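Asks: Sequence:
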Amino acid sequence: MADLFSGGAVGAVMGELLRAVIETINKGRQFKPTLETNIQTLNDIAPLVDQMMEYNDKLDRPRQEIQRLQSRVRQGQELARKCSRKLSRRKFLSFPYYQGKLKSEDQSLQRHLSFDVQVQNARNLMEVLLKVEEILNILGKQDFAKFSGSQIQGLSGAPEEPKCMGMDEHLSRLRIELLKDDVSVLVLTGLGGSGKSTLAKKLCWDPHVKGKFGGNIFFVTFSETPNLKNIVRTLFEHCGCKVPEFQSDEDAINKLGILLRLVGRSPILLVLDDVWQSSEALVDKFRFQIPDYKILVTSRVAFQRFGTPWPLEPLDHDDAVSLFRHSAQLNSKCSYMPDDNLVNEIVKGCKGSPLALEVIGGSLCQQPFEVWQDMKEWLEKQSILESGNTDLLSRLQQSLDMLEDKFSVSEKECFMDLGLFPEDQRIPVAILIDMWAELYNFDDNGRKAMTIIHDLTTRNLIKLIVTKYTSSFILFVAGYLKMLDLLTSKD
Numbered sequence: 000m001a002d003l004f005s006g007g008a009v010g011a012v013m014g015e016l017l018r019a020v021i022e023t024i025n026k027g028r029q030f031k032p033t034l035e036t037n038i039q040t041l042n043d044i045a046p047l048v049d050q051m052m053e054y055n056d057k058l059d060r061p062r063q064e065i066q067r068l069q070s071r072v073r074q075g076q077e078l079a080r081k082c083s084r085k086l087s088r089r090k091f092l093s094f095p096y097y098q099g100k101l102k103s104e105d106q107s108l109q110r111h112l113s114f115d116v117q118v119q120n121a122r123n124l125m126e127v128l129l130k131v132e133e134i135l136n137i138l139g140k141q142d143f144a145k146f147s148g149s150q151i152q153g154l155s156g157a158p159e160e161p162k163c164m165g166m167d168e169h170l171s172r173l174r175i176e177l178l179k180d181d182v183s184v185l186v187l188t189g190l191g192g193s194g195k196s197t198l199a200k201k202l203c204w205d206p207h208v209k210g211k212f213g214g215n216i217f218f219v220t221f222s223e224t225p226n227l228k229n230i231v232r233t234l235f236e237h238c239g240c241k242v243p244e245f246q247s248d249e250d251a252i253n254k255l256g257i258l259l260r261l262v263g264r265s266p267i268l269l270v271l272d273d274v275w276q277s278s279e280a281l282v283d284k285f286r287f288q289i290p291d292y293k294i295l296v297t298s299r300v301a302f303q304r305f306g307t308p309w310p311l312e313p314l315d316h317d318d319a320v321s322l323f324r325h326s327a328q329l330n331s332k333c334s335y336m337p338d339d340n341l342v343n344e345i346v347k348g349c350k351g352s353p354l355a356l357e358v359i360g361g362s363l364c365q366q367p368f369e370v371w372q373d374m375k376e377w378l379e380k381q382s383i384l385e386s387g388n389t390d391l392l393s394r395l396q397q398s399l400d401m402l403e404d405k406f407s408v409s410e411k412e413c414f415m416d417l418g419l420f421p422e423d424q425r426i427p428v429a430i431l432i433d434m435w436a437e438l439y440n441f442d443d444n445g446r447k448a449m450t451i452i453h454d455l456t457t458r459n460l461i462k463l464i465v466t467k468y469t470s471s472f473i474l475f476v477a478g479y480l481k482m483l484d485l486l487t488s489k490d
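Mapping the sequence shown onto numbering that gives the first Met the number 0, position 397 (from 1) lands on 396, and the numbers just tick up by one.
Hints in this document: simulated from the structure, not taken from any laboratory. None of these values were measured; they are calculated from a predicted model. Some hints could be false.
As the list claims (entries may be wrong) - Dumping the calculated DSS-like pairs for lysine-lysine here, alpha-carbon to alpha-carbon at most 30 Å:
#: 1; residue 1: K293; residue 2: K209
#: 2; residue 1: K241; residue 2: K130
#: 3; residue 1: K162; residue 2: K462
#: 4; residue 1: K241; residue 2: K209
#: 5; residue 1: K284; residue 2: K200
#: 6; residue 1: K347; residue 2: K332
#: 7; residue 1: K209; residue 2: K228
#: 8; residue 1: K200; residue 2: K241
#: 9; residue 1: K162; residue 2: K209
#: 10; residue 1: K347; residue 2: K293
#: 11; residue 1: K228; residue 2: K241
#: 12; residue 1: K293; residue 2: K462
#: 13; residue 1: K375; residue 2: K347
#: 14; residue 1: K211; residue 2: K179
#: 15; residue 1: K228; residue 2: K200
#: 16; residue 1: K347; residue 2: K380
#: 17; residue 1: K200; residue 2: K347
#: 18; residue 1: K200; residue 2: K179
#: 19; residue 1: K380; residue 2: K411
#: 20; residue 1: K228; residue 2: K293
Construct all of the structure, not just a fragment, from the sequences and the given hints.
Replies: Below, the structure is given as structure tokens:
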């Protein structure tokens, strides 16, 4: 009886063992087709997940969810690569083990796709519906239904295309800089009267710029006291949309963001003209994470928070002559045609300033030889600031007024001290530090002096030229200062 029992037990054990062996063999046989299926599935999914990440970044959404999916796909790919190295007959004993890992990884990925991703999709769909409802509430159902990018015509807020003589090179370089892929905000900076606004308006009419942005070019003048709600209201009107009621400046910006995202099916260019220092933070409010959305800022202040400013240098002599001749209307109908030497001398006295060239050129239009000669001699003896022209003086005065708001009495005196140096000469910074330390009791190893120098540079009142670099910041005064000629008084 015991023998029979023992024999039955052994038979049962052998049966279980046999089933396990058969299962293992079946797993081994399934390993290769399972591996091939997994590889095909992962190869199909991987580019789609990468594309999802790209869209996710453009929409400025959190990356964690997509990163988890990416991580699962990469883990699966790594396991598939590892299993592929086991396909030789010599390693057939490991087939069942890796078949189990492949099956487990595949089931884990399927659970994530069928549950987690589906829940995320449902949530994303609800967010989209919420955004659509916000857009409908803001734009009005009737306006929204009729709205399309094709209804935006021309420029918003910009006057007709300006005549822009002698600035072709500036225009070309500015366009190249603005259209760079990594530039979202570009600050065009220069002294009052240097032609910033004119160049920005001309840029809006440039064929390359219009070809990229089409009708989605918006031009807004900030000036000293910008009204944010009025600016946003103007942009809504330009798009042909019903202007909503704004509860606050923040509400206006939020609704502008929705409008621009609607318009943003095509590239957008927003020009913020004549931005004062007090409005720097306001510019930040107009920044949105929208593909191909660019902002051009013109200002007398070289704002650093938006990247490297683009300084508008004075016109070179040939371009200055071209602008001057156009302003003076030198043509065959002139009662007096000055010779080239006389023109060159007067142009030299205008210091490359487009405003000065236009004002002086216009004042000499149709004037006799004596008036031209008097102007030449006057410019040789006097500063252009003493011209008495109210337009020229008021534009330049705005740059100097910034000193009243920002600087103390001693700091303004430091700026005036620069007029003591010869015109068109470089001024060693070390000399200024020593001089100001003696005159104004600056006893801080040059830090106060360097702060003043950098403030004046930011406001385009002086130009800092670095000639060499040293490890000591205070010895960074190996640079030089050069007075902007336009603001230099003559003896």
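Asks: Taking the hints in turn, state whether each one holds.
Replies: Against the structure, the hints come out as follows:
Restraint check for K293 and K209: satisfied, since their Cα atoms lie roughly 13 Å apart, inside the 30 Å limit. Using a Cα cut-off of 30 Å, the hinted pair K241 and K130 holds, with the two alpha carbons roughly 18 Å apart. For a cut-off of 30 Å, the pair hint linking K162 to K462 stands: about 29 Å separates their Cα positions. At most 30 Å may separate the alpha-carbon atoms for a hinted pair to count; K241 and K209 meet this at roughly 26 Å.
Between K284 and K200, the direct Cα distance comes to roughly 22 Å. Compliance with the 30 Å bound is thereby established for this hinted pair. With a CA separation close to 25 Å, the supplied pair K347 and K332 stays within the 30 Å bound. Among the hinted pairs, K209 with K228 is consistent with the structure: their alpha-carbon atoms are about 27 Å apart, no more than 30 Å. For the hint pairing K200 with K241, the CA-to-CA distance comes to about 27 Å; that is within 30 Å, so the pair holds.
This hinted pair checks out: K162 and K209 have alpha carbons roughly 17 Å apart, not beyond 30 Å. With a C-alpha separation of about 37 Å, the suggested pairing of K347 with K293 is violated against the 30 Å cut-off. Between K228 and K241, the direct Cα distance comes to roughly 14 Å. Compliance with the 30 Å bound is thereby established for this hinted pair. Distance hint between K293 and K462 is fulfilled; the C-alpha atoms sit about 28 Å from each other, no more than 30 Å.
With a C-alpha separation of about 10 Å, the suggested pair K375 and K347 falls inside the 30 Å cut-off, and the hint holds. In summary, the hint linking K211 to K179 is supported, as the alpha carbons are separated by about 12 Å, within the 30 Å threshold. The suggested pairing of K228 with K200 holds, with an alpha-carbon distance near 23 Å, which does not exceed 30 Å. Our distance criterion of 30 Å between C-alpha atoms is met by K347 and K380, whose separation comes to about 13 Å.
The hinted pair formed by K200 and K347 meets the criterion: a straight-line CA distance of about 26 Å does not exceed 30 Å. Pair hint K200 plus K179 holds up; C-alpha atoms about 19 Å apart against a cutoff of 30 Å. Note on K380 and K411: the hinted pairing holds, with a Cα-Cα distance of about 25 Å set against a maximum of 30 Å. Only pairs whose Cα atoms come within 30 Å are accepted, and K228 paired with K293 is accepted, the gap being roughly 21 Å.
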